[in-house]
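Once you've looked at the hints, dock chain B against the given chain A.
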Amino acid sequence: NAGVTQTPKFRILKIGQSMTLQCTQDMNHNYMYWYRQDPGMGLKLIYYSVGAGITDKGEVPNGYNVSRSTTEDFPLRLELAAPSQTSVYFCASSYSISAGKGEQFFGPGTRLTVL
Amino acid sequence: AQKITQTQPGMFVQEKEAVTLDCTYDTSDPSYGLFWYKQPSSGEMIFLIYQGSYDQQNATEGRYSLNFQKARKSANLVISASQLGDSAMYFCAMRESIQGAQKLVFGQGTRLTINP
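Here the protein sequences come in this chain order: A and B. Add 476 to the 1-based position in the first sequence for the numbering used here, that's all there is to it. Add 934 to the 1-based position in the second sequence for the numbering used here, that's all there is to it.
The hints are simulated quantities; they were obtained by calculation from the structure and are not laboratory data. Do not take every clue at face value.
To be verified - Selected chain B positions facing chain A (in silico; Cβ < 7 Å): (1) S975; (2) G977; (3) E978; (4) M979; (5) F981; (6) Y984; (7) K1037; (8) Q1042.
As the list claims (entries may be wrong) - Coverage of chain A stretches by chain B, computed from C-beta distances (three or more under 8 Å per stretch; other residues unrestricted): (9) 519-529; (10) 558-570.
All residues carry an ideal CB built from backbone N, CA and C; glycine is no exception.
One chain only, chain A, in its complex shape (with noise of 0.2 Å):
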C-alpha cells in the first residue's frame, strides 16, 4: 500500500513553461486535494475533487487546473509558470467524514522552483 504518491519530487521551471504534478492514491478515497506551501507558511489549498469528474476550486486557485478521470489520480496543471508559484506543492485524499475522523493522507510533495 503505497498511499499518496506525488512526481517529480524537484522541479524548476522557467517563466512562462507549462507542467503536470502527478498525483496518484491506491486508498480508494474519493476525495483528492492540492496544496501549495510557501517558506514559512501553512498549506492552502488550490483545488480539490470528491470524486471522479467533479472538481471544484480551493483558496488560491489561479494560474493552475485540475482533472480527475479516475478515483487514483488528480494531477496538476500549471500553465505560464510564473515566479509566484514557486512553493512546495503536496496532494492529499481522504474518506468521506461519515466514514471516521475524515484525516487527509498527503504526499511527500514536489518542490518546485519558477526562475
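Chain B alone, transformed into the frame defined by chain A:
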C-alpha cells in the same frame, strides 16, 4: 470565514519536558473538526490527532493529547515527555466540510525544537 491562529512561531523545550502548542480558531459552523499535523525537516505531513466539535472528551493519541476548550475556541496540542524526534513544524488545521470533502484551513505553524 474560518480562521486558525497559531501565535507561537517557535518553541524551545528541554528533552523529557511536556510542551503545549497553542491553537485558536474562529468559525460560525457548529460542526467542525480540528487536526494537528507534524512536518519534520524531511517535509512530509504526518497526521497526529483529531478532535470533533461534538466530542465529549479531549482526544488522546499516545504522547499527544488535545486540550479542547470549546468556549474559548482553543485546541492546544500537548506533547508529554518530549523526545528529540519531536523537533519539527506543527500545524493546527480546521475542517470545513463541502460535499463530504474536507477543506482544511491551516495555521502558520509552530517550529518546535527539543534540546538534549
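Okay, the hints, checked on the actual structure:
no., hint, verdict
1, S975, "violated (13 Å)"
2, G977, "holds (5 Å)"
3, E978, "holds (5 Å)"
4, M979, "holds (4 Å)"
5, F981, "holds (5 Å)"
6, Y984, "holds (4 Å)"
7, K1037, "holds (6 Å)"
8, Q1042, "holds (5 Å)"
9, 519-529, "holds (count 6)"
10, 558-570, "holds (count 4)"
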